[in-house]
Amino acid sequence: MSLDASRTAARRGIIDRILRRGPLEAAATAIIAAGVVMLMQPLSLTLYSWSFTTTLFGTVMFIIVSKVRD
Amino acid sequence: MNELSASSRIAYPAAAAQPRVTHRLRGLSDRALAWLFITPTILLLLAINIFPLIWTIYLSFTNYRANRANVPTRWLGLDWYQSILTDPDIWAAMQVTAHFVIWTVIIETVLGFGLAFLIDKKFRGHGAWTTIILLPMMLSPAVVGNFWTFLYQPQIGLFNYVIGFVFGRAPSSFQMLGDVTLSPWAIVIVDAWMWTPYVMLICLAGLRSIPDYIYEAAEVDRASKLRQFWSITLPMALPFIMLAVLFRGIENFKMFDMVNLLTGGGPGSTTEVASITLKRAAFESWRTGYSSAFAIILFVTVFGLANIYVKALNRVKSR
Numbered sequence: 001m002s003l004d005a006s007r008t009a010a011r012r013g014i015i016d017r018i019l020r021r022g023p024l025e026a027a028a029t030a031i032i033a034a035g036v037v038m039l040m041q042p043l044s045l046t047l048y049s050w051s052f053t054t055t056l057f058g059t060v061m062f063i064i065v066s067k068v069r070d
Numbered sequence: 001m002n003e004l005s006a007s008s009r010i011a012y013p014a015a016a017a018q019p020r021v022t023h024r025l026r027g028l029s030d031r032a033l034a035w036l037f038i039t040p041t042i043l044l045l046l047a048i049n050i051f052p053l054i055w056t057i058y059l060s061f062t063n064y065r066a067n068r069a070n071v072p073t074r075w076l077g078l079d080w081y082q083s084i085l086t087d088p089d090i091w092a093a094m095q096v097t098a099h100f101v102i103w104t105v106i107i108e109t110v111l112g113f114g115l116a117f118l119i120d121k122k123f124r125g126h127g128a129w130t131t132i133i134l135l136p137m138m139l140s141p142a143v144v145g146n147f148w149t150f151l152y153q154p155q156i157g158l159f160n161y162v163i164g165f166v167f168g169r170a171p172s173s174f175q176m177l178g179d180v181t182l183s184p185w186a187i188v189i190v191d192a193w194m195w196t197p198y199v200m201l202i203c204l205a206g207l208r209s210i211p212d213y214i215y216e217a218a219e220v221d222r223a224s225k226l227r228q229f230w231s232i233t234l235p236m237a238l239p240f241i242m243l244a245v246l247f248r249g250i251e252n253f254k255m256f257d258m259v260n261l262l263t264g265g266g267p268g269s270t271t272e273v274a275s276i277t278l279k280r281a282a283f284e285s286w287r288t289g290y291s292s293a294f295a296i297i298l299f300v301t302v303f304g305l306a307n308i309y310v311k312a313l314n315r316v317k318s319r
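Going line by line, the protein sequences match chains X and W.
Residue 1 is where the first sequence starts when you use this note's numbering, and the numbers rise one by one after that.
Residue 1 is where the second sequence starts when you use this note's numbering, and the numbers rise one by one after that.
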C-alpha cells in the first residue's frame with residue numbers, strides 16, 4: 001500500500017517536472033526550429049512537404065504551453 | 001482688484017465645468033475607462049491586421065483570382081497547400097532564401113560582434129566612428145538597392161573597379177548582378193553592408209552590460225585576455241547575439257525590397273527568394289488563392305520564429 005502510494009507520488013513528481021512551462025516551451029521551440037530547417041533544407045522533398053505541418057504544430061504548441069504554470 | 005475679479009470671472013465657468021466632467025467620469029470603473037481608451041486601437045488592429053489575415057486564410061482555400069473578381073469562387077480545401085508543399089520550384093526558392101538568410105546572418109554576426117568588440121574599447125574618436133559605421137543602417141533599402149546597382153556596374157561600378165584592382169582583373173570581366181554564380185553573393189554583400197551596424201549595436205549593448213568587476217576578478221586570477229574573452233565576454237554577450245541572429249534571420253526570411261531592386265530575382269531564378277516568388281504568383285500570374293496559401297505558409301514560419309525571438313527577448317530583459 002505504502003509502496004503504491006510512493007510510486008504514485010513519484011509518478012506525479014515526474015509529471016509535475018515535465019509538465020512545466022520551461023521544458024514544454026523548449027520542446028515547442030525545438031519543433032519550430034526543426035520545421036524551419038525542414039522548409040529550407042536542400043536534401044529531401046518529403047521533409048520539405050512536412051515542414052509546414054511541423055512548424056504549425058510547434059507554433060500552436062508554443063502558444064498553448066506559454067499559458068501553462070511555471 | 002479688477003484683474004482679480006476678471007480672472008475669477010474667467011476661472012469660475014471652468015471650475016464649474018470640472019466637477020461635471022469628473023462626475024460623468026466617476027460613473028466609469030477603471031476597467032471601463034481602460035476599455036474606452038484601448039477600443040480605438042483594437043478596432044484599428046482588427047481592421048488593418050486581423051481581418052486581412054482571416055481573409056487571406058479564407059482565400060487560400062479557394063480558387064479566387066484578383067483580376068477576375070466577378071468569377072464565382074470555388075472551395076478547394078487544402079489543394080493549394082498540397083501543391084506548394086510538393087512543388088520543386090517553390091522548394092528551390094526556399095533554398096535560395098536559405099542561402100541568403102544563412103550567409104547574411106553569419107557575416108553580419110561575425111562582423112557586427114567584431115566591430116562592437118572594437119568600438120567597446122574606448123579609443124580616441126570612437127563616437128564619430130560609431131556614427132560613421134551606423135550610416136548604412138539609416139538609409140532606405142530602396143536607396144541602397146539603387147546605388148549598389150550602380151556600384152556593381154561592370155563598366156563604371158566602383159565595386160568592380162576595386163575588386164579588379166585588388167585581384168588584377170579587368171573590372172568589366174565579371175558581372176555581379178548578371179552572373180549566375182555571383183548574383184546570390186551580390187545580394188548577400190549588400191545586406192551585410194547595410195545591416196552589420198544593427199547587429200553591432202545590439203552586441204555593443206550586450207558588451208556594455210557586462211560589469212567591470214568580473215573582468216577585475218579575472219585579472220586578479222591572472223586570466224589571460226583570450227581566457228577572459230572565452231569565459232566572460234562571449235557567454236555574457238551570447239543572449240544579445242542570439243537576439244540579433246533571430247531578428248536578422250526573421251527579417252531576411254521575408255526580404256523583398258532590396259533583392260527586388262538589385263536583381264528582381266534574376267538572372268533566371270538564382271536570386272528568387274520566397275517573397276519574390278510570392279509577388280510573382282500574386283501580381284504577375286494573379287493566382288490570388290495560391291499566393292494566399294503561400295503567404296500563410298511564410299507567415300506561420302515567421303510567426304513561429306517570432307515566438308522564439310520574443311522568448312529570447314524576455315530572457316535578455318530578465319537579466
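Just so you know, these hints were derived from the structure itself, not from any lab.
These figures come from a predicted structure and were not determined experimentally.
For glycine and all other residues, C-beta sits at the position ideal for the given N, C-alpha and C.
It cannot be assumed that every hint is accurate.
[To be verified] From chain X, some residues computed to sit far from chain W (all C-beta separations above 12 Å):
| no. | residue |
| --- | --- |
| 1 | 19 |
| 2 | 20 |
| 3 | 25 |
| 4 | 69 |
[Unchecked claim] Reference listing, derived: stretches of chain W covered by chain X, where coverage requires no fewer than 3 residues with Cβ under 8 Å from a Cβ of chain X:
| no. | region |
| --- | --- |
| 5 | 83-92 |
| 6 | 95-104 |
| 7 | 206-219 |
| 8 | 306-312 |
Hints, one by one, checked against the model:
1. With a least beta-carbon separation of about 18 Å from chain W, residue 19(X) lies farther than 12 Å from that chain, consistent with its non-interface assignment.
2. Listed as a non-interface residue, residue 20(X) keeps its Cβ farther than 12 Å from every Cβ of chain W; the least gap is roughly 15 Å.
3. For residue 25(X), the condition that its CB be more than 12 Å from all CB atoms of chain W is violated, with the nearest at approximately 7 Å.
4. With a cut of 12 Å on Cβ distances, residue 69(X) stays outside the contact zone with chain W, its closest approach being about 17 Å.
5. Coverage of a stretch by a chain is defined here by at least three residues with a beta carbon nearer than 8 Å to that chain's beta carbons; for the region 83-92 of chain W and chain X the count is 4, and the condition holds.
6. A stretch counts as covered by a chain when three or more of its residues have a beta carbon under 8 Å from one of that chain; for the region 95-104 of chain W and chain X the count is 4, and the coverage holds.
7. With 0 residues carrying a beta carbon less than 8 Å from a beta carbon of chain X, the region 206-219 of chain W misses the three-residue requirement, and the given coverage is violated.
8. By the rule of at least three residues with a Cβ nearer than 8 Å to a Cβ of chain X, the coverage given for the region 306-312 of chain W holds, with 3 such residues.
The structure does not agree with the numbered hints 3, 7 stated previously, though it agrees with the rest.
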